[in-house]
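Enquirer: Below, each chain spelled out in residue letters.
2 protein chains.
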Amino acid sequence: MVNYPHKKKATLTSEKNISFGKRGMSFEDDLTKSNEHYLAANKAVIHKKPTPVQIVKVHYPKRAAAVITEAYFRTPSTTDFNGIFKGRYIDFEAKETSNATIFPLQNLHEHQVNHMIEVKKHGGITFLLVKFSKFNEIYLLPCENLAKFWQEYKLGNRRSIRREEFAQYGTKIPEGAFPRIDYLKVVEELFL
Amino acid sequence: MVNYPHKKKATLTSEKNISFGKRGMSFEDDLTKSNEHYLAANKAVIHKKPTPVQIVKVHYPKRAAAVITEAYFRTPSTTDFNGIFKGRYIDFEAKETSNATIFPLQNLHEHQVNHMIEVKKHGGITFLLVKFSKFNEIYLLPCENLAKFWQEYKLGNRRSIRREEFAQYGTKIPEGAFPRIDYLKVVEELFL
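Protein chains in written order, with my numbering: chain A, 116 to 307; chain B, 116 to 307.
Identical copies look the same in the list; a pair holds intra-copy or inter-copy alike.
Below, a list of computed lysine to any residue pairs in the SDA-like style, where the Cα atoms sit at most 25 Å apart:
1) Lys148 x Glu225
2) Lys172 x Phe142
3) Lys177 x Thr190
4) Lys163 x Ser192
5) Lys249 x Asp297
6) Lys148 x Ser248
Keep in mind the hints are simulated off the structure, nothing from the lab.
Everything numeric in this text was worked out from a predicted model, so none of it was measured.
With the hints as constraints, model all of the structure from the sequences given.
Expert: Given below as structure tokens:
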């Protein structure tokens, strides 16, 4: 029996409560807006890391900016977002899925999960945010629960995390206007 | 009169003590190696952020990896390195200069200095590391002292920081083998 520290009763939003108000803006954009709000409100300093790119060829034209003419996407070795909140180090990965029922674990990289486990070991706050775009639902899954699902995945006993499992082992982020995604409210409740 | 909290007597290495042993390996590579050492030794989780790139065109060939065929370097809005050390958020910028006597402040971006000031406000540990490659000397300059030099720079009263000023208002990082640049030793002495 695996013990999930953040386990609680499943409470899923009825599918009738779907909000389509935020379609068109990506999850990443919404998070960036939320982080800008947190920064302006003096609440936290959290930034998205740039996409890791392997630069191969750069062209330096006269009187113009350098142009990268050949580059490749690299596998990220850490997570997408990190920063400081109430003096604590915070570090998380954010993923969106169009799948209605499951989040496939192949959307994460081994390096990212291992990085999160390291961060937790060193006293940081770390978690996964997953958006189910069909329902406009966002869940925060603490690292220790993700690590257990990941272990099952590595053993070949699991390929994905079900939406109900996010509700059960994670916490739904309440919808808002300012900021759009008030994930630090949930972080405060869970970790501080 | 400006007050520099970390002021102390200048102690410069004699120019005869120059070590050329580490030429060929960049400052950034050395820092990455040091961070790998810290991670393996369970001391800290600190990573370099990827270079920020604005991707314009991507080519998706059949049976091969996507190729970025047009991209531009963006101005970084934060610093190069961040992570967690002894439960504390740590954030710093690293620069190398071939200049023997000064570090020109135009090597830093306004955004980066403002980011460091924000981090400090939120309780993080933040500083600038500068390597004078001619002498193989690396100095750690705490954010509050950098902020004061930067203020003078913005007012047009200063264009650079002199090497002696780094010795006076910062701390020299001792040379080592494992890790090559043991900057966390100095962080521990100054901030913890």
